[in-house]
Each structure stands twice: as structure tokens, then as C-alpha cells.
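Letter by letter, the sequence shown follows residues 1 to 283 of the working numbering.
No false leads were mixed into what you were given.
For each label pair, taking beta carbons as the anchor points, the in silico distance ranges come out as:
# : residue 1 : residue 2 : range
1 : E176      : A132      : 35 to 41 angstroms
2 : N228      : R187      : 32 to 38 angstroms
3 : T277      : N19       : 46 to 52 angstroms
Below, a list of computed lysine-lysine pairs in the DSS-like style, where the Cα atoms sit at most 27 angstroms apart:
#  : residue 1 : residue 2
4  : K180      : K213
5  : K180      : K165
6  : K213      : K107
7  : K180      : K33
8  : K113      : K213
9  : K107      : K33
10 : K33       : K213
Read the hints as simulated data drawn from the structure, not as lab findings. Every value quoted in this text rests on a predicted model; they were computed, and no experiment measured them. No residue lacks a Cβ here, since even glycine has one placed at the ideal position from N, Cα and C.
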Amino acid sequence: MNNITVSTAWLVEHLDDTNFILLDASMDVVLGKEPLVYEQFRCIPNAINMQLEQDFFDHHSSMSHAMPTVEQFTQAAQQLGINQDSVVVIYDNQGMYSAPRAWWTFKTMGFEKVYILDGGLPQWMAENLPTADQYNTPIRIGNVTATAQTGYVCDSATVLCTFDKQGVTIVDARAEARFKGLAPEPRPGIRSGHIPGAVNLPFANVLDGYRLKSPMALSAVFQQTVNNDAEQLIFSCGSGITACILLVAAKVSGVQNVMLYDGSWAEWGASETLPITGGQSRT
Numbered sequence: 001m002n003n004i005t006v007s008t009a010w011l012v013e014h015l016d017d018t019n020f021i022l023l024d025a026s027m028d029v030v031l032g033k034e035p036l037v038y039e040q041f042r043c044i045p046n047a048i049n050m051q052l053e054q055d056f057f058d059h060h061s062s063m064s065h066a067m068p069t070v071e072q073f074t075q076a077a078q079q080l081g082i083n084q085d086s087v088v089v090i091y092d093n094q095g096m097y098s099a100p101r102a103w104w105t106f107k108t109m110g111f112e113k114v115y116i117l118d119g120g121l122p123q124w125m126a127e128n129l130p131t132a133d134q135y136n137t138p139i140r141i142g143n144v145t146a147t148a149q150t151g152y153v154c155d156s157a158t159v160l161c162t163f164d165k166q167g168v169t170i171v172d173a174r175a176e177a178r179f180k181g182l183a184p185e186p187r188p189g190i191r192s193g194h195i196p197g198a199v200n201l202p203f204a205n206v207l208d209g210y211r212l213k214s215p216m217a218l219s220a221v222f223q224q225t226v227n228n229d230a231e232q233l234i235f236s237c238g239s240g241i242t243a244c245i246l247l248v249a250a251k252v253s254g255v256q257n258v259m260l261y262d263g264s265w266a267e268w269g270a271s272e273t274l275p276i277t278g279g280q281s282r283t
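Hey, can you work out the whole structure from these sequences and the hints?
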């Protein structure tokens, strides 16, 4: 096990460990890829539905998928039975889609012992490992308390400031056509194009099937895409979900100074005052 992902083999060995918690971070709406659709509900045994969209986004924010507040995260995580010393593994039903966002949320809130199941449910099922037809219910209230970390998430003002800074690169995880403004945005009222100076790395480019590519292969991907002088990478996408796939891939490849632009294009493209490159059309 590295400090970010675990394998299916590791999970099989530790699924019944004391103080171990397995969370399903699957989302109802999947954008940017052809979603995997299951004929009937399946989950990994012992998994708890973390209800990412309901409990771990700040619905009082104007952003589509805003990070939760410290209080919101603490309450939701405690309801899942998570303690300060729990070991948490997160997966989703698309392989590697929303689990990275859930992982980064935990990290942003100061929780260290959290990992992603590489390949998620599809990889688990591809290996013919046992599944369940319903989630587990938390058996206790946990005692975890969040402590917000600085430098993990940024806003549009921070991104604007990077225009005059050397060594900062904005990396956009959307498909090339959306990045270039050649395809309409899936959300109404959003301009097409990209943040000036950003580079495009569609999130599918860091995946090998359901899993992340190897650290060596990921390192090559980032070297080909990102300026070698970049000291910090800020990741963006449509609404802050798939950007975290790239963020995790960068961390696995050895890049340390990473940040999520939480509002991403859903915020940037909706604003008439923020500059764009590659298109001006609205849908």
C-alpha cells in the first residue's frame, strides 16, 4: 500500500479489520465519460454509502460541488462512524471517478489515514470478488473532528493571481473539445473555452482501464503536458470532481505541490468578469 491508493488484494486482507471503514462515494450523475450502468445494485461487502453529493458538498454555496464546511464534514463523518484513528478506504462504481474527490475532501479536512481503492467496484467485480446487494449501516457515532488545511483548495481570485506568477500551471481535466470551446458545456448558461494559460489533460489520459496508470507512466504523462518549470499545479475541470482524478494521479507520480480549484469551469465560465480563451458561446 502506498500513501494514496490500495489494491483489491489489500482490501480483501483488511476488509474485516477493527476500526476499518469502507466508503462508497459513487455519484448519481456522471459527466465527462460514458457512465458504467449496472443492471442491479451491487457494492463491496461492508461498504457504507457516504452520500457524497448529499452530505459532503456545501449546498449553501453558489458553486456546484463546493467543499463542505468544517462543521458539516465533522458531523457527516461522525455519522459514518469514523474515529480519529480509523482507517478509511473510499471507492466508486465507475472505477476512478468521484472517489478521488472524496479522498481530497478528507485530506483537506485534516484526516490522514484515508485511501482510494484503485479501480473501485468495476475492478473488484472484474476479479470476481464477492459483492453485496445492500450497504452496511454505521454501528456507532464516530469522534473524528475536522481541521481545515490551507493550500489544498483555492478560489477564482487565487487563480487570477496566478496569471502574474511564474511556476504555477493550471491543468484542466475536461475533454479537449470542451477545453478548446468547440463543444458546448453540459450546464446551461456556461461559456465555452478555458482559463487563459491553462493546459489540457483529459482525465482519461491518466487511467488504464478502471485503474490509474503506473507511477512511471503517470510521470511521463505529466512531463509531456506540464511545463517542467511548474512548481505548483492547480487542477480544474467542470465542477471540481474529475480534477481530483488528475490531482491524485499527480500525487502518485511524485508531484507534491497540488491544489484544487473548487469552483472550476462551472464557476469560471458562468462569470462575465473572468477572462476566457477559446470561445465565448453560451448554451
